[in-house]
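Chains as they are written, first to last, in the numbering used here: chain A, 1 to 339; chain B, 340 to 971.
Hints in this document: simulated from the structure, not taken from any laboratory. As the structure is a computational prediction, the values presented were derived from the model and not from experiment. Among the hints, a few may not be true.
Cβ pair distances, simulated, as ranges [unchecked claim]:
hint: 1; chain 1: A; residue 1: 211; chain 2: B; residue 2: 833; range: 31 to 39 Å
hint: 2; chain 1: B; residue 1: 775; chain 2: A; residue 2: 240; range: 51 to 59 Å
hint: 3; chain 1: B; residue 1: 537; chain 2: A; residue 2: 132; range: 55 to 63 Å
hint: 4; chain 1: B; residue 1: 577; chain 2: A; residue 2: 90; range: 36 to 44 Å
hint: 5; chain 1: A; residue 1: 132; chain 2: B; residue 2: 913; range: 39 to 47 Å
hint: 6; chain 1: A; residue 1: 152; chain 2: B; residue 2: 943; range: 54 to 62 Å
hint: 7; chain 1: A; residue 1: 338; chain 2: B; residue 2: 958; range: 24 to 32 Å
hint: 8; chain 1: A; residue 1: 338; chain 2: B; residue 2: 775; range: 40 to 48 Å
hint: 9; chain 1: A; residue 1: 193; chain 2: B; residue 2: 529; range: 52 to 60 Å
hint: 10; chain 1: A; residue 1: 303; chain 2: B; residue 2: 831; range: 47 to 55 Å
hint: 11; chain 1: B; residue 1: 634; chain 2: A; residue 2: 287; range: 28 to 36 Å
hint: 12; chain 1: B; residue 1: 540; chain 2: A; residue 2: 251; range: 48 to 56 Å
hint: 13; chain 1: A; residue 1: 316; chain 2: B; residue 2: 533; range: 17 to 25 Å
Glycine is no exception: its CB is placed at the ideal position from the N, C-alpha and C atoms.
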Amino acid sequence: MTDVAVPATTKKDWTSDQEIRWCPGCGDYSILTAVQMLMPELGARREDTVFVSGIGCSSRFPYYMNTYGVHSIHGRAPAMATGIAVSRPDLHVWVITGDGDALSIGGNHLMHALRRNVNLTIILFNNQIYGLTKGQYSPTSEAGKVTKSTPFGSLDHPYNPVSLALGAEASFVARTHDMDRKHMMETFRRAYRHQGAALVEVYQNCNVFNDGAFDLILSKDARPRMLIPLAHGEPIRFGPDGEWGVVFEDGSARVVEVADVGEDRLGVHDEHREDPSLAFALSRLASGPTAPTPVGVFRDVERPHYGALVNEQLVAAAERKGPGDLAALLSSGSTWTVT
Amino acid sequence: MADTASRERPVVDLDRAVIRFAGDSGDGMQLTGDRFTNSSALFGNDLSTLPDFPAEIRAPAGTLAGVSAFQVHISDHDILTPGDHPSVLVAMNPAALKANLSDVTPTGTLIVNSDAFDERALAKADYASNPLTDGSLSAYTVYEVPMTSITMEAVKPTGTKPREAERSKNFFALGLITWLYTRPTEATLTWIQERFAKTPMVAEANSLAFKAGWNFGETAELFPSTYEVKPAPLEPGHYTNISGNTALAWGLIAAGQLAQLPLFLGSYPITPASDILHELSKHKNFGVRTLQAEDEIAGVGAALGAAYAGSLGITTTSGPGVDLKAETIGLAVSLELPLLVIDIQRGGPSTGLPTKTEQADLLQAMFGRHGESPVPIVAPSTPGDCFFAAIEAARIALKYRTPVFLLSDGYLANGAEPWKVPDVATLPDISVRFATEPNHTAEDGTEEFWPYLRDATTLARPWAIPGTPGLTHRIGGLEKQDGSGSVSYDPANHELMTKLRVAKVAGIAADIPLVEVDDPVVPGGEEGGAEVLVVGWGSTYGAIQAAIRRLRVKGHPVAHAHIRHLNPFPSNLGEVLRSYPKVLVPEMNLGQLVKLIRADFLVDARGLSKVKGQPFRAEEIEAAIYDMLLDR
Ligand code: SF4
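Please work from the sequences and hints to get the whole structure.
Below is the structure:
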């Protein structure tokens, strides 16, 4: 857009006048606050920012941001956002989605937005439940989960959103959680700065239909033992005294006691590694929020984003053929003249 | 090889000819027909074509299911259809003969590849005996031409392997028919060189086969005469031969230029619409962005996203794709954003007949969404008209901020006709303005932007695209408060908004042309003018006009009204319908327009249906009108 310096803003500038309709105590509030607090720091312009969502509790998010916003249809936010981002590479497009929206009804669109590397910042609120429809199991709910639609326990094997995104070769994949604003803001900042599709999974508590789903790893005292912070270039290590770590062996990752293996054997995290298999191995450390779980940036690699590539083709075509000339086009087949 | 037939042989002047090329789907019949069409177009004939091919890329060779045909009608006068019955059938094998024979005029000419009539081939086509020898073809003039063997002999100098050499036989057939109808040869020879430039050996083999076909006609003493169909007296101008899908794609590019908006196509490959995606993908220098999406839903979703962000958003598809896009079209109705939904109709339901034509998506376009969800509908009537219909659909979408259905069909999509290239300067300006300023003052005096504050005349809402300072706003599929656009569950507001959306679309009637009635005084015709009005829409135009002209020649006045805008209807339609005692509505469905007409206007319109995957023949409509005239 213009070269004029971006005017300084505050959280208030990014907050719309709409009354927020999430349940009191819902984890969505802290995610919204993190984003609203982050925006002034990013030096973004409100008019160049678009939030697109699908359907679900999280998808109300765009109404609360004082930016451009579209609350679209269930599962289709990545599709609509692709049209916006590809036709207007000057905009910054966010996608706000949930585990049902992104991974069930909209799984196909998410996967393809990631593999195409559309320039989107995708925030996936994972609460492992359907909230808006009042409590059915979701594609991230643990097997055996008893809900209204699974009174005898869910038979579905859950998705791990980070594994899924890495499998689709997303160029940026991260995980954070609604209990740590600082970590959320830092993760969102990284995602925002990334050129291409960035997926951030946020563990979010639905205190009405799935309260405490992440308590085993996110309660204050559990965190040091159960969260594995990922930091680029650093050995992967956690625990109150750094007593545990992660080693890579035969392509998979394993939690070890540092004392057992020695510091030198710990895996060193490399976000920029082209091959996503080690990041994938990290994502498999925990099959659910019950075991030590990595948080932070799993993968951050550079790849031209889709909208830029589309534009390059337009520019190249115009250079090769000259700008479009309608009259010439209409006479481009074999023609004859009747007098 | 000269460009005209030998002097000794008489040249018979014909006012028109209907020729059908038929062979295996691997035989290249579409290419052959297309080339013959192009040389006839360049020669100056009026023409109309009907390609007809199986859905399978290579159906089992030699079987009835694998037959692919291309019919072309050329004439020295204005024609409207590909012809009811071919007078000449070129059959490359027994299956092609069997599948097409019943359509040929009873005294027609059959030119058959006699090499292909061996026992195996006859058995594959379910022939108990060889029709070339059992006398069953005695009513026809049959020319047996050993096309395969002559072709293989002719292309020998190129060193092509026998299997490959055999594949040039369609060019032999093309050469022979080119000779028989005294068409110029140069354009085809040049085209062969260009088309096969990457494989010079194939180019050479095809050229030799083409020439061999031409020379065979000239020297074989088989044919008593050649034929000539003189150029048609078309309106002066610059012409090109165009198919419906190409015309439609060019119309979309034109619409983008006329609206001064970038084009964004979100599409998923589907027969018979894919050629529009292909054509638009070639023209990136017009700023056209094409996205081959992961599915039909993403195609329309991306198009709607692009429309939100200020492009002319388009999605192209056929019936099964429309099923999938319905929810997003509903969102576009609610968001009140411009969106073109191009449906190239084919036989349904489900996968149905992918390569065959039908007009059975009209009610789906009208009603195929949940809730009260009106969408304007425009339907082109000829291949060339697809160009103008695309511009008109875009005009309505942009001006009224609404999704618009453009209903073409397989017959228009693949059929071709000479098209007078329009002067670009005569095309309409369809540009619209984006909102740039706040449009509402709040109680406390702050200037605000209300996304659903409508234009008093069109009822269209402002189109404020991201990137515009001061106009940030949120919209979505939830019901919105009239004016402010905030989410609203207020019952009275929902009823108001529902009625506003309907009124907006209904109001378009004031902004479209009245339906024209073609009802001239017929010399020597019955007293009191036409008693029957034939009402059609879409691709039935040609067959209806041809039928009516035949009846007029016989002294029966018949009126014709063709509806281009199917939602809303032109404002005079009711009056027109009521001014004729009898109304006939031919459609390639089981009576969809007739249902709408009866419901809207309480007139006793009668339907004429055809759902065979084939367009109407003029004679079928003629017979139905005649029955109506006689009160049968
Ligand atoms: S249902 Fe759950 S996720 Fe939805 S708003 Fe309430 S607490 Fe939040």
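To see whether the hints hold, each was checked on the structure:
Taken as a hint, the range 31 to 39 Å holds for the pair residue 211 (chain A) and residue 833 (chain B), whose Cβ atoms sit roughly 34 Å apart. For residue 775 (chain B) and residue 240 (chain A), the Cβ-Cβ distance of about 58 Å falls inside the hinted range of 51 to 59 Å, so the restraint holds. Between residue 537 (chain B) and residue 132 (chain A) the Cβ separation comes to about 57 Å, which falls inside the hinted range of 55 to 63 Å. Evaluation of the 36 to 44 Å hint for residue 577 (chain B) and residue 90 (chain A) yields a pass: the beta carbon distance comes to about 40 Å.
For residue 132 (chain A) and residue 913 (chain B), the hinted distance range of 39 to 47 Å is satisfied, since their beta carbons lie about 46 Å from each other. For residue 152 (chain A) and residue 943 (chain B), the hinted distance range of 54 to 62 Å is satisfied, since their beta carbons lie about 60 Å from each other. Hint check: residue 338 (chain A) to residue 958 (chain B), Cβ distance near 30 Å, so the stated range 24 to 32 Å holds. Taken as a hint, the range 40 to 48 Å holds for the pair residue 338 (chain A) and residue 775 (chain B), whose Cβ atoms sit roughly 47 Å apart.
At about 56 Å, the CB distance of residue 193 (chain A) to residue 529 (chain B) agrees with the hint of 52 to 60 Å. In this structure, residue 303 (chain A) and residue 831 (chain B) meet the distance hint of 47 to 55 Å, their C-beta atoms being roughly 52 Å apart. A hinted range of 28 to 36 Å holds for the C-beta pair residue 634 (chain B) and residue 287 (chain A), which are about 30 Å apart. For the pair residue 540 (chain B) and residue 251 (chain A), the beta carbons lie near 50 Å from each other, so the given range of 48 to 56 Å is met.
At about 24 Å, the beta-carbon gap between residue 316 (chain A) and residue 533 (chain B) stays in the expected band of 17 to 25 Å.
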